[in-house]
Amino acid sequence: MVNLIWLIMLISGILVSAFKGNIEQVTTSALQAAETGIEVAIYLMGIMSLWLGLMNIAEKAGLVKSLARITSPALRLLFPSLRPDSPAFGAIIMNLCANVLGLGNAATPFGLKAMEELQKENSDPSTASPAMITFLALNTSCITIIPATIIGVRMKAGSINPTEIIGTTIFATGCAMTAAIIVDYVFRKRSRA
Amino acid sequence: MTIITELARWAIPFILFAVPLYAYFRKVPVYETFVEGAENGFKTAIKILPFLIGMLVSIRVFVDSGALELLIGLFHPLFNALGWNSEVLEIIPLAIMRPLSGSGSLGVATQLILQHGADSFIGRLASTLQGSTDTTFFVLAIYFGSVGIKKYRYALKVGLTADAVGLLASIWIVSKVFS
Numbered sequence: 001m002v003n004l005i006w007l008i009m010l011i012s013g014i015l016v017s018a019f020k021g022n023i024e025q026v027t028t029s030a031l032q033a034a035e036t037g038i039e040v041a042i043y044l045m046g047i048m049s050l051w052l053g054l055m056n057i058a059e060k061a062g063l064v065k066s067l068a069r070i071t072s073p074a075l076r077l078l079f080p081s082l083r084p085d086s087p088a089f090g091a092i093i094m095n096l097c098a099n100v101l102g103l104g105n106a107a108t109p110f111g112l113k114a115m116e117e118l119q120k121e122n123s124d125p126s127t128a129s130p131a132m133i134t135f136l137a138l139n140t141s142c143i144t145i146i147p148a149t150i151i152g153v154r155m156k157a158g159s160i161n162p163t164e165i166i167g168t169t170i171f172a173t174g175c176a177m178t179a180a181i182i183v184d185y186v187f188r189k190r191s192r193a
Numbered sequence: 194m195t196i197i198t199e200l201a202r203w204a205i206p207f208i209l210f211a212v213p214l215y216a217y218f219r220k221v222p223v224y225e226t227f228v229e230g231a232e233n234g235f236k237t238a239i240k241i242l243p244f245l246i247g248m249l250v251s252i253r254v255f256v257d258s259g260a261l262e263l264l265i266g267l268f269h270p271l272f273n274a275l276g277w278n279s280e281v282l283e284i285i286p287l288a289i290m291r292p293l294s295g296s297g298s299l300g301v302a303t304q305l306i307l308q309h310g311a312d313s314f315i316g317r318l319a320s321t322l323q324g325s326t327d328t329t330f331f332v333l334a335i336y337f338g339s340v341g342i343k344k345y346r347y348a349l350k351v352g353l354t355a356d357a358v359g360l361l362a363s364i365w366i367v368s369k370v371f372s
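Protein sequences, first through last, are from chains A and B. Using my numbering, the first residue of the first sequence is number 1, and each one after it goes up by one. Using my numbering, the first residue of the second sequence is number 194, and each one after it goes up by one.
Possibly wrong hints are sitting among the right ones.
[Claimed, not checked] Covered stretches of chain B (in silico footprint by chain A; criterion: 3 or more residues with CB under 8 Å from a CB of chain A, positions within the stretch not fixed): (1) 284 to 290; (2) 310 to 320.
[Said to hold, decoys possible] The following label-pair restraints were derived from C-beta to C-beta distances: (3) B:304 x A:36: 17 to 25 Å; (4) A:161 x B:264: 44 to 52 Å; (5) B:214 x A:71: 19 to 27 Å; (6) B:372 x A:42: 24 to 32 Å; (7) A:65 x B:222: 39 to 47 Å; (8) A:65 x B:267: 47 to 55 Å; (9) A:42 x B:222: 37 to 45 Å.
Calculated from the structure, these hints are not laboratory results. The beta-carbon is built from N, C-alpha and C at its ideal position, and this holds for glycine as well.
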């Protein structure tokens with residue numbers, strides 16, 4: 001499915017550009033996007049090193065384990081396929097916490113670490129495991145209590161009350177997260193049957 | 194709400210303060226442990242680079258060419274048929290852009306907020322939508338790519354369903370709360 005979406009986006013983009021007589025756009029966009037990719041990766045390198053370094057400290061101090069233990073009843077319900085003492089739980093919970101706090105750039109390193117741990121327990125390394133899919137469903141629909149970036153934009157745009165959208169955001173994302181958990185559950189059951 | 198903005202200001206400094214200090218008292222060699230963990234940041238960033246570039250190129254060509262706008266045009270009759278307020282239609286570009294690209298959707302959201310006003314219906318809806326959904330398609334590509342997963346199974350369906358629910362919930366709650 002990804003292969004197809006990727007191809008459709010690329011091909012339709014080129015065809016539309018050609019049709020509009022603006023084929024140079026394709027060259028510019030493609031080269032610029034490749035450049036952006038490098039910029040993002042270098043930026044991520046710094047941020048990821050910072051957070052993974054800090055997470056290593058938290059892990060060695062036993063903080064990640066305690067955090068995972070506190071949240072384990074809920075997590076075990078969501079991830080029935082994982083061992084109860086799975087090291088993936090620590091990274092998953094750190095990722096979700098970072099998401100909730102709106103620390104987007106801290107969420108990525110924890111999330112990739114969680115994927116690494118989940119992959120170790122995956123029986124087929126080329127196919128997504130149910131636990132991975134559940135994790136990504138939670139991750140992409142996770143509640144954010146402080147949508148800091150958009151509040152900044154609203155401030156700049158002269159909003160009288162820039163933070164008034166926090167309540168509506170929490171509600172909308174709560175609905176999305178609930179839907180993600182339910183739909184994931186249904187698919188997981190169906191794929192096993 | 195000031196509590197929440199204060200929380201945002203203090204979150205990172207607090208983590209940087211509390212975690213190393215606590216670890217030090219637990220006899221963890223803090224600096225060395227930090228360096229050991231930080232090493233992986235470098236490796237992971239390199240590992241996701243090809244997926245990052247692959248996705249960015251395809252998305253950028255798609256968006257810059259105007260193909261996205263054509264796609265959005267196709268959705269208009271559908272939304273009209275649903276009998277929705279024509280104002281809601283303004284949100285479609287953001288709704289389609291959101292799962293694809295974080296910087297792209299922020300650009301669209303900013304533009305909608307500036308154009309309609311931060312305290313207008315569309316301004317509030319754009320803010321809510323931007324804050325409540327994620328770049329699902331992009332995240333899936335990078336996260337799965339980083340560990341070499343090729344078959345996503347039902348992951349994309351789950352993620353995009355959640356995004357659609359987020360969109361509908363945003364429209365509903367913003368019209369309810371701010372009317």
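Status of the hints after comparison with the structure:
Under a criterion of three residues with beta carbons nearer than 8 Å to beta carbons of chain A, the stated coverage of the segment 284 to 290 of chain B fails, only 0 such residues being counted. Counting residues of the segment 310 to 320 of chain B whose CB lies closer than 8 Å to any CB of chain A gives 6, which reaches the minimum of 3, so the coverage claim holds. Take residue 304 of chain B and residue 36 of chain A: their Cβ atoms lie about 19 Å apart, and the range 17 to 25 Å holds. Take residue 161 of chain A and residue 264 of chain B: their Cβ atoms lie about 34 Å apart, and the range 44 to 52 Å is violated.
A hinted range of 19 to 27 Å holds for the C-beta pair residue 214 of chain B and residue 71 of chain A, which are about 23 Å apart. One distance hint, 24 to 32 Å for the beta-carbon pair residue 372 of chain B and residue 42 of chain A, is violated here, with the actual separation near 46 Å. For residue 65 of chain A paired with residue 222 of chain B, a C-beta distance near 18 Å fails the hint of 39 to 47 Å. In this structure, residue 65 of chain A and residue 267 of chain B meet the distance hint of 47 to 55 Å, their C-beta atoms being roughly 51 Å apart.
Checked against the hint of 37 to 45 Å, the C-beta distance between residue 42 of chain A and residue 222 of chain B comes to roughly 29 Å, which is inconsistent with it.
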